[in-house]
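S.K.: Chain residues, written in single-letter form:
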Amino acid sequence: MSEGLELEQVQISQTGERRTPDPDTDRLILYRGTHAPPTSVDVHRENLPTGATPESLLLGNLNHPHLRLREPINVLITREDSLLIASIPDIDEFGYGPHLTAAVEDLRQTLIELFQTLKAEQSRLGPDMRQLWDRLQHLIEER
Amino acid sequence: MDAVSPHGPSPVVSAMVLCDLAITEQGTNKKTLVGIFQRVNAQVFPVPQRMFLYMQMTDAQGTYIFRIEVVDIDRDNILGTVTSNPIEVPNRLEPFDFVFPIGMIIPAAGLYEFRLYANEAYLSSISFTAQGANP
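Residue numbers (my numbering), protein chains in the order written: chain A, 1 to 143; chain D, 1 to 135.
There could be a bad hint or two in this list.
[Stated by the list, open to error] Computed footprint of chain D on chain A, listed as stretches where at least three residues anywhere in the stretch have a Cβ under 8 Å from a Cβ of chain D:
{"#": "1", "stretch": "106-116"}
{"#": "2", "stretch": "119-132"}
[Said to hold, decoys possible] Derived Cβ-Cβ restraints for the label pairs, each shown as a range:
{"#": "3", "chain 1": "D", "residue 1": "P107", "chain 2": "A", "residue 2": "Q122", "range": "34 to 42 Å"}
{"#": "4", "chain 1": "D", "residue 1": "T28", "chain 2": "A", "residue 2": "L125", "range": "27 to 35 Å"}
{"#": "5", "chain 1": "D", "residue 1": "P90", "chain 2": "A", "residue 2": "D81", "range": "45 to 53 Å"}
{"#": "6", "chain 1": "D", "residue 1": "L93", "chain 2": "A", "residue 2": "H138", "range": "47 to 55 Å"}
[Said to hold, decoys possible] Only pairs whose alpha carbons sit at most 25 Å apart, straight line, appear in this in silico SDA-like list of lysine to any residue:
{"#": "7", "chain 1": "A", "residue 1": "K119", "chain 2": "D", "residue 2": "D59"}
{"#": "8", "chain 1": "D", "residue 1": "K30", "chain 2": "A", "residue 2": "G16"}
{"#": "9", "chain 1": "D", "residue 1": "K31", "chain 2": "A", "residue 2": "E17"}
{"#": "10", "chain 1": "D", "residue 1": "K31", "chain 2": "A", "residue 2": "N63"}
{"#": "11", "chain 1": "D", "residue 1": "K31", "chain 2": "A", "residue 2": "P72"}
{"#": "12", "chain 1": "D", "residue 1": "K31", "chain 2": "D", "residue 2": "T58"}
{"#": "13", "chain 1": "A", "residue 1": "K119", "chain 2": "A", "residue 2": "L83"}
{"#": "14", "chain 1": "A", "residue 1": "K119", "chain 2": "A", "residue 2": "L69"}
{"#": "15", "chain 1": "D", "residue 1": "K31", "chain 2": "A", "residue 2": "D90"}
{"#": "16", "chain 1": "D", "residue 1": "K31", "chain 2": "D", "residue 2": "A133"}
{"#": "17", "chain 1": "D", "residue 1": "K30", "chain 2": "D", "residue 2": "I106"}
{"#": "18", "chain 1": "D", "residue 1": "K31", "chain 2": "A", "residue 2": "G16"}
{"#": "19", "chain 1": "D", "residue 1": "K31", "chain 2": "D", "residue 2": "G110"}
{"#": "20", "chain 1": "D", "residue 1": "K31", "chain 2": "D", "residue 2": "I73"}
{"#": "21", "chain 1": "A", "residue 1": "K119", "chain 2": "A", "residue 2": "E93"}
{"#": "22", "chain 1": "A", "residue 1": "K119", "chain 2": "A", "residue 2": "R108"}
{"#": "23", "chain 1": "D", "residue 1": "K30", "chain 2": "D", "residue 2": "P46"}
{"#": "24", "chain 1": "D", "residue 1": "K31", "chain 2": "D", "residue 2": "Q56"}
{"#": "25", "chain 1": "D", "residue 1": "K30", "chain 2": "D", "residue 2": "P101"}
{"#": "26", "chain 1": "A", "residue 1": "K119", "chain 2": "A", "residue 2": "D106"}
{"#": "27", "chain 1": "A", "residue 1": "K119", "chain 2": "A", "residue 2": "L136"}
In short, the hints are calculated from the structure, not lab data.
This one's a predicted model, so the numbers in the text were calculated from it and none came from an experiment.
For every residue, glycine included, the Cβ atom is placed at its ideal position computed from N, Cα and C.
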């Protein structure tokens, strides 16, 4: 008899789908947090902005295992035809996508790739790229 | 002036999950998520839905006010927001999690999103698709 762990083959399936709606809810309700200690919450439905695309956004993190933002970065959001552009004018970098989250995610990937590239090539950078690398290090740090 | 002002590094979101039911075990505070989904299939719209939003975060230390925006992506419309009271997170190395039971009306078929903010900084999002009955 084997003493090692035996693992079943992983079954990959499509993501789940709900087919039966709940008929008993008619507005946004938040009951309680389950994090200890319990948190109480307020629900706000008044004075909401008319659109879900702001003119700017404070980006809090890069969602990367090795890199993080030193401080939240102000990101400008502009629309160009059917695309949204999320940009950081200070370093002239941007990301784009069909909606806000996609544009911000693209900007995150741009920042991560730029940081990693400049870090790897830092001994060979010219004056402009050296300046960009310095500015990027003010925004991003390694964990 | 508020006694508690939000401050601290922006947390990293390690999990954000939509599900039919989230059960919290008393004592251990362990979570069981039942019926994880990313699509809602309805016969007619608008349709009321109750769901649970589970979030796990780390790399937080300080006082945080979390806000969730419920967004109708296709119509670029915020359906509602949920804002927490200030929450104190003592240890940056220890993950913490929340379960938010949420009830909402889905106005039409399309793409919807929950956007998570901490101290007004955008952290992450999760989306689901609402679709009509099969053609």
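S.K.: Run every hint past the structure and note whether it holds.
M.R.: Hint check:
no. : hint                        : verdict
1   : 106-116                     : violated (count 0)
2   : 119-132                     : violated (count 0)
3   : P107/D / Q122/A: 34 to 42 Å : 51 Å, violated
4   : T28/D / L125/A: 27 to 35 Å  : 52 Å, violated
5   : P90/D / D81/A: 45 to 53 Å   : 47 Å, holds
6   : L93/D / H138/A: 47 to 55 Å  : 25 Å, violated
7   : K119/A / D59/D              : 24 Å, holds
8   : K30/D / G16/A               : 23 Å, holds
9   : K31/D / E17/A               : 21 Å, holds
10  : K31/D / N63/A               : 23 Å, holds
11  : K31/D / P72/A               : 30 Å, violated
12  : K31/D / T58/D               : 16 Å, holds
13  : K119/A / L83/A              : 30 Å, violated
14  : K119/A / L69/A              : 16 Å, holds
15  : K31/D / D90/A               : 43 Å, violated
16  : K31/D / A133/D              : 32 Å, violated
17  : K30/D / I106/D              : 30 Å, violated
18  : K31/D / G16/A               : 19 Å, holds
19  : K31/D / G110/D              : 30 Å, violated
20  : K31/D / I73/D               : 29 Å, violated
21  : K119/A / E93/A              : 17 Å, holds
22  : K119/A / R108/A             : 16 Å, holds
23  : K30/D / P46/D               : 34 Å, violated
24  : K31/D / Q56/D               : 11 Å, holds
25  : K30/D / P101/D              : 16 Å, holds
26  : K119/A / D106/A             : 20 Å, holds
27  : K119/A / L136/A             : 10 Å, holds
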